[in-house]
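**Q** For reference, the chains in residue letters:
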Amino acid sequence: QKEVEQDPGPLSVPEGAIVSLNCTYSNSAFQYFMWYRQYSRKGPELLMYTYSSGNKEDGRFTAQVDKSSKYISLFIRDSQPSDSATYLCAMSDYKLSFGAGTTVTVRA
Amino acid sequence: SQTIHQWPATLVQPVGSPLSLECTVEGTSNPNLYWYRQAAGRGLQLLFYSVGIGQISSEVPQNLSASRPQDRQFILSSKKLLLSDSGFYLCAWSRGDGGAGYTFGSGTRLTVV
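Going down the list, the sequences are from chains G and D. All residue numbers for the first sequence refer to this note's numbering, where the first residue is 1173 and numbers rise by one. All residue numbers for the second sequence refer to this note's numbering, where the first residue is 155 and numbers rise by one.
Simulated pairs of lysine to aspartate or glutamate, EDC-like, Cα-Cα distance not exceeding 20 Å:
| # | chain 1 | residue 1 | chain 2 | residue 2 |
| --- | --- | --- | --- | --- |
| 1 | G | K1174 | D | E213 |
| 2 | G | K1267 | D | E213 |
| 3 | G | K1239 | G | D1265 |
| 4 | G | K1214 | D | D239 |
| 5 | G | K1214 | D | E176 |
| 6 | G | K1239 | G | E1229 |
Pair by pair, the computed Cβ-Cβ distance ranges are:
| # | chain 1 | residue 1 | chain 2 | residue 2 | range |
| --- | --- | --- | --- | --- | --- |
| 7 | D | A254 | G | D1238 | 17 to 25 Å |
| 8 | G | G1188 | D | I207 | 48 to 56 Å |
| 9 | G | S1200 | D | A163 | 37 to 45 Å |
| 10 | D | T265 | G | E1175 | 25 to 33 Å |
Computed far set for chain D versus chain G, every beta-carbon distance over 10 Å:
| # | residue |
| --- | --- |
| 11 | S174 |
| 12 | T178 |
| 13 | L201 |
| 14 | G206 |
| 15 | P215 |
| 16 | Q216 |
| 17 | N217 |
| 18 | S219 |
Bear in mind the hints are in silico, worked out from the structure with no lab data behind them. The beta-carbon is built from N, C-alpha and C at its ideal position, and this holds for glycine as well.
Could you build all of it, start to finish, from the sequences and the hints given here?
**A** As structure tokens, then:
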């Protein structure tokens, strides 16, 4: 079993829709939870970061962490074509473990 | 501010040839440094990490090696490339245990032919 499971998609939504992404994990030692966005042929960039259960908002992005269920989510409201990218979840105890990434396409 | 440089962006090499990819970090000291490989649909695989000069930890047995000759320089090498070494290679840095996230370079797409 992988430490971090993420549905690779692909996920295609119309512009303005809510994008919902999630990951599950098995290592209860993970303390930090992140979401990265990666455009084609580019390195991943840190999008959201949290270390506790609950919600964290940043503009159109909301990250949720449920440590009791070992489940994290990312929601993108009012999605735009520029949000089309691969989204990777990542978790850390003393080093980072990544999900496989979900490819999202927002159709204009 | 901190920046990370990785080059070249694209590389095509014949099987059996050597490899050297370089990564440098600016604007910070004593960073943790990482080399990842990304295969399509398979996420990021940690290859090597380093917590200091000359200190290299290997995560998976393979045809590659890493070196850290200076505090902010990390090099990925191979003496003889295999077809299976093709992929997207990413360098990253972090502070401490990386709890605040890693910052990635722009990547090198390596094709072994």
